[in-house]
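K.L.:
This is what each chain is made of:
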Amino acid sequence: DAMVIQNPRYQVTQFGKPVTLSCSQTLNHNVMYWYQQKSSQAPKLLFHYYDKDFNNEADTPDNFQSRRPNTSFCFLDIRSPGLGDAAMYLCATSRDLTAISRDSFGSGTRLTVV
Amino acid sequence: QQQVKQSPQSLIVQKGGIPIINCAYENTAFDYFPWYQQFPGKGPALLIAIRPDVSEKKEGRFTISFNKSAKQFSLHIMDSQPGDSATYFCAASRSSNTGKLIFGQGTTLQVKP
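Line by line, the protein sequences give chains A and B. Under my numbering, the first residue of the first sequence carries the number 29, and numbering increases by one thereafter. Under my numbering, the first residue of the second sequence carries the number 141, and numbering increases by one thereafter.
Quick caveat, the hints were computed from the structure, so don't treat them as lab data. One or more hints might be untrue.
[To be verified] Derived DSBU-like pairs (lysine-lysine); straight-line CA-CA distance at most 35 angstroms:
1) K182/B <-> K66/A
2) K45/A <-> K182/B
3) K198/B <-> K72/A
4) K45/A <-> K240/B
5) K66/A <-> K145/B
6) K145/B <-> K208/B
7) K72/A <-> K252/B
8) K145/B <-> K155/B
9) K198/B <-> K66/A
10) K72/A <-> K155/B
11) K182/B <-> K197/B
12) K211/B <-> K145/B
13) K240/B <-> K72/A
14) K197/B <-> K72/A
15) K72/A <-> K211/B
16) K252/B <-> K80/A
17) K208/B <-> K45/A
18) K66/A <-> K197/B
19) K45/A <-> K197/B
20) K208/B <-> K182/B
21) K145/B <-> K197/B
22) K198/B <-> K45/A
23) K182/B <-> K145/B
24) K208/B <-> K197/B
25) K72/A <-> K182/B
26) K208/B <-> K66/A
27) K198/B <-> K145/B
28) K155/B <-> K182/B
29) K240/B <-> K80/A
30) K80/A <-> K145/B
31) K182/B <-> K211/B
32) K208/B <-> K155/B
33) K211/B <-> K66/A
34) K45/A <-> K66/A
35) K80/A <-> K155/B
36) K145/B <-> K72/A
37) K155/B <-> K211/B
Can you build the whole structure from these sequences, using the hints too?
P.N.:
Below is the structure:
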């Protein structure tokens, strides 16, 4: 019973063509995170939403945007994907920012840029 | 200050062995230390986590040892199995901050039959 669902599992996009990745959760968690994970590297936090409040990491490129229309859904928009943006994109949720059992990750979307 | 250093980068053990993965941190404000297990093509899954008020925590075959004074913590996998072959990430965060997880670099574990 997947609780954090990411779609699609695999996405191929053209260089420079906008792409949107989606994440949904059935946990009713307040916080939703987006991570970028490149091959053989640790996940890197891009930004997170605490409820409707958006928090961007200082080193996240402007090319990456996010939307959270409601509690259950969160989207990652890459406005002009470059070859360097090819990675696994992971969505995670947390009940709140101090929860002990936290950060339930989805299975990820592997993005290929051609 | 924000880094978490993880070692070794890769590890090979025989079935039944006890792989040990180590992590060290600098920021004494960190108060939550989870370990994640990640299989190829999957997202990380929370394996076990510890708070700095305890020195050891066991869940099944997985044990975290925590040394607050040395600012180090480690994962031990008892009676390792081929199915434990995966990449393991340690992490750290501050509850009073945004809750941002700082990940170690990861350890790829291979358990040979």
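K.L.:
Each hint should be assessed against the structure and marked as holding or not.
P.N.:
How the hints compare with the structure:
{"no.": "1", "hint": "K182/B <-> K66/A", "in the structure": "13 angstroms, holds"}
{"no.": "2", "hint": "K45/A <-> K182/B", "in the structure": "26 angstroms, holds"}
{"no.": "3", "hint": "K198/B <-> K72/A", "in the structure": "28 angstroms, holds"}
{"no.": "4", "hint": "K45/A <-> K240/B", "in the structure": "30 angstroms, holds"}
{"no.": "5", "hint": "K66/A <-> K145/B", "in the structure": "18 angstroms, holds"}
{"no.": "6", "hint": "K145/B <-> K208/B", "in the structure": "15 angstroms, holds"}
{"no.": "7", "hint": "K72/A <-> K252/B", "in the structure": "30 angstroms, holds"}
{"no.": "8", "hint": "K145/B <-> K155/B", "in the structure": "27 angstroms, holds"}
{"no.": "9", "hint": "K198/B <-> K66/A", "in the structure": "31 angstroms, holds"}
{"no.": "10", "hint": "K72/A <-> K155/B", "in the structure": "32 angstroms, holds"}
{"no.": "11", "hint": "K182/B <-> K197/B", "in the structure": "26 angstroms, holds"}
{"no.": "12", "hint": "K211/B <-> K145/B", "in the structure": "11 angstroms, holds"}
{"no.": "13", "hint": "K240/B <-> K72/A", "in the structure": "10 angstroms, holds"}
{"no.": "14", "hint": "K197/B <-> K72/A", "in the structure": "27 angstroms, holds"}
{"no.": "15", "hint": "K72/A <-> K211/B", "in the structure": "22 angstroms, holds"}
{"no.": "16", "hint": "K252/B <-> K80/A", "in the structure": "47 angstroms, violated"}
{"no.": "17", "hint": "K208/B <-> K45/A", "in the structure": "48 angstroms, violated"}
{"no.": "18", "hint": "K66/A <-> K197/B", "in the structure": "31 angstroms, holds"}
{"no.": "19", "hint": "K45/A <-> K197/B", "in the structure": "48 angstroms, violated"}
{"no.": "20", "hint": "K208/B <-> K182/B", "in the structure": "32 angstroms, holds"}
{"no.": "21", "hint": "K145/B <-> K197/B", "in the structure": "21 angstroms, holds"}
{"no.": "22", "hint": "K198/B <-> K45/A", "in the structure": "48 angstroms, violated"}
{"no.": "23", "hint": "K182/B <-> K145/B", "in the structure": "23 angstroms, holds"}
{"no.": "24", "hint": "K208/B <-> K197/B", "in the structure": "14 angstroms, holds"}
{"no.": "25", "hint": "K72/A <-> K182/B", "in the structure": "16 angstroms, holds"}
{"no.": "26", "hint": "K208/B <-> K66/A", "in the structure": "31 angstroms, holds"}
{"no.": "27", "hint": "K198/B <-> K145/B", "in the structure": "22 angstroms, holds"}
{"no.": "28", "hint": "K155/B <-> K182/B", "in the structure": "23 angstroms, holds"}
{"no.": "29", "hint": "K240/B <-> K80/A", "in the structure": "17 angstroms, holds"}
{"no.": "30", "hint": "K80/A <-> K145/B", "in the structure": "33 angstroms, holds"}
{"no.": "31", "hint": "K182/B <-> K211/B", "in the structure": "30 angstroms, holds"}
{"no.": "32", "hint": "K208/B <-> K155/B", "in the structure": "31 angstroms, holds"}
{"no.": "33", "hint": "K211/B <-> K66/A", "in the structure": "28 angstroms, holds"}
{"no.": "34", "hint": "K45/A <-> K66/A", "in the structure": "20 angstroms, holds"}
{"no.": "35", "hint": "K80/A <-> K155/B", "in the structure": "47 angstroms, violated"}
{"no.": "36", "hint": "K145/B <-> K72/A", "in the structure": "15 angstroms, holds"}
{"no.": "37", "hint": "K155/B <-> K211/B", "in the structure": "30 angstroms, holds"}
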